[in-house]
Every structure is written in C-alpha cells, then in structure tokens.
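Asker: The C-terminal position of the sequence shown is numbered 154 in the working numbering, with every residue numbered one higher than the one before it.
These are calculated hints, taken from the structure and not from any lab test.
Every residue, glycine too, gets a C-beta built ideally from N, C-alpha and C.
Incorrect hints may have been included.
[What the hints assert, rightly or not] In silico SDA-like pairs for lysine to any residue, Cα to Cα no more than 25 Å straight-line:
#1 100 <-> 83
#2 134 <-> 59
#3 38 <-> 101
#4 135 <-> 79
#5 33 <-> 125
#6 150 <-> 136
#7 150 <-> 79
#8 33 <-> 126
[Unchecked claim] Across the chosen pairs, the derived CB separations fall in these ranges:
#9 39 <-> 125: 25 to 33 Å
#10 103 <-> 41: 41 to 49 Å
#11 93 <-> 124: 14 to 22 Å
#12 41 <-> 74: 14 to 22 Å
#13 95 <-> 74: 30 to 38 Å
#14 64 <-> 136: 19 to 27 Å
#15 46 <-> 109: 15 to 23 Å
#16 63 <-> 92: 30 to 38 Å
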Amino acid sequence: MNKKPCRLTMAGLAFLLICSHGNAEFMSLASNKANIRKGPGTEYPVIWQAWRFTPFEILELGNEWAKVKDFENDIGWIHQSLLSDVSTVIVMGKFANIRKGPGLKHAVLWIAYRGYPLKVLDREEDWLKVSDGKKIKGWIFRTLVWGSTKEGGG
Numbered sequence: 001m002n003k004k005p006c007r008l009t010m011a012g013l014a015f016l017l018i019c020s021h022g023n024a025e026f027m028s029l030a031s032n033k034a035n036i037r038k039g040p041g042t043e044y045p046v047i048w049q050a051w052r053f054t055p056f057e058i059l060e061l062g063n064e065w066a067k068v069k070d071f072e073n074d075i076g077w078i079h080q081s082l083l084s085d086v087s088t089v090i091v092m093g094k095f096a097n098i099r100k101g102p103g104l105k106h107a108v109l110w111i112a113y114r115g116y117p118l119k120v121l122d123r124e125e126d127w128l129k130v131s132d133g134k135k136i137k138g139w140i141f142r143t144l145v146w147g148s149t150k151e152g153g154g
C-alpha cells in the first residue's frame, strides 16, 4: 500500500494548522480581573477567572460576547467590553527569565512563572520587551510565551 499521499495530506494539514495559528486574532484583558463563562451571558456559570494582560485567541465575536481560547486551550466566553487590542503574552513554561536587554548576555532581572501575563512594549528580532504594568520591565525570548507578539503594546 502506498502511504505517500497520506504523508502529503498530513504534512499539508500540519502546514495549514501552523499558518492558521500564525494568523490568529488575539485580544487581551483590559480590566484587572474578569470572569470567563461557559456561555455568552451572565446566566452561564463562571469557569475560570483571568487577570489583566491575559491574552486570548478570539474564536468568535458575537453581539456583546467573545468566545476565547487561552494558552492552555481552555475555551470560554467573555464580555467584549473587557477586551483590548493591546499586545500581551503569557509565560508558557514552568518559568522564564526576564532580562535587562534583548539577549542571553544580559543579566536576569526577575523570573516570571507559568501563567504570568505581560504587556508587549517592543520587539527586537525574537526578543520582546515586556512589562507587568507596574514597575517591572525587561526582555523575554519570544518562544517562551504565547499571545500577541506585535510590538508597541497594541
């Protein structure tokens, strides 16, 4: 049996999945905290809470509600008024070093742990200048985070 067509089909599917994720629309949480619900309305139960700068992939936009996916592939609904176009990312691994400059030669300023959301301020190649919205700013390597990696915070 010839398996080449199947391999080509699987390779094509993988390519489409990668491309579609690359073109995903992201928005971030603008308020300090928000409820993510099971459905598009306050009558639906809260399934988790998100914090300021949490990035979401937008799956669907309704009249007032957005169906969103987070970095762990959890899906829920959030009121659109709580979302922003500000570019944000979230740490995917156990932790990530935030450095003084864009490169490994720069000192580590602090460590961000899994699930920590950050605002993107700038980009230099594969390095993102990020902030926690308070006084901490630094650089993180792009592959350590998930979300909108566009520079300029939105």
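Asker: Compare the structure with each hint and give your call.
Answerer: Tested hints:
1. Restraint check for residue 100 and residue 83: the C-alpha separation of about 29 Å exceeds 25 Å, so the hint is violated.
2. Simply put, residue 134 and residue 59 have alpha-carbon atoms about 30 Å apart, too far for the 25 Å limit, and the pair is violated.
3. Straight-line distance between C-alpha atoms of residue 38 and residue 101 comes to about 41 Å, which puts the hinted pair past the 25 Å bound.
4. Restraint check for residue 135 and residue 79: not satisfied, since their Cα atoms lie roughly 29 Å apart, outside the 25 Å limit.
5. Restraint check for residue 33 and residue 125: not satisfied, since their Cα atoms lie roughly 31 Å apart, outside the 25 Å limit.
6. Restraint check for residue 150 and residue 136: the C-alpha separation of about 19 Å stays at or below 25 Å, so the hint holds.
7. Under the criterion of a C-alpha separation no larger than 25 Å, the hint pairing residue 150 with residue 79 is consistent with the structure, at around 23 Å.
8. A threshold of 25 Å between alpha carbons decides the hint, and for residue 33 with residue 126 the separation of about 29 Å lies outside it, so the pair is violated.
9. Checked against the hint of 25 to 33 Å, the C-beta distance between residue 39 and residue 125 comes to roughly 41 Å, which is inconsistent with it.
10. Taken as a hint, the range 41 to 49 Å holds for the pair residue 103 and residue 41, whose Cβ atoms sit roughly 47 Å apart.
11. Distance hint check: the CB atoms of residue 93 and residue 124 are about 21 Å apart, consistent with the given range 14 to 22 Å.
12. Between residue 41 and residue 74 the Cβ separation comes to about 18 Å, which falls inside the hinted range of 14 to 22 Å.
13. Between residue 95 and residue 74 the beta carbons are some 21 Å apart, a value that contradicts the proposed interval 30 to 38 Å.
14. In this structure the hint that residue 64 and residue 136 lie 19 to 27 Å apart at CB is violated, the actual value being about 34 Å.
15. Taken as a hint, the range 15 to 23 Å is violated for the pair residue 46 and residue 109, whose Cβ atoms sit roughly 35 Å apart.
16. At roughly 32 Å, the beta-carbon separation of residue 63 and residue 92 lies within the given 30 to 38 Å, and the hint holds.
Hints 1, 2, 3, 4, 5, 8, 9, 13, 14, 15 from the list above are not met by this structure, while the remaining hints are.
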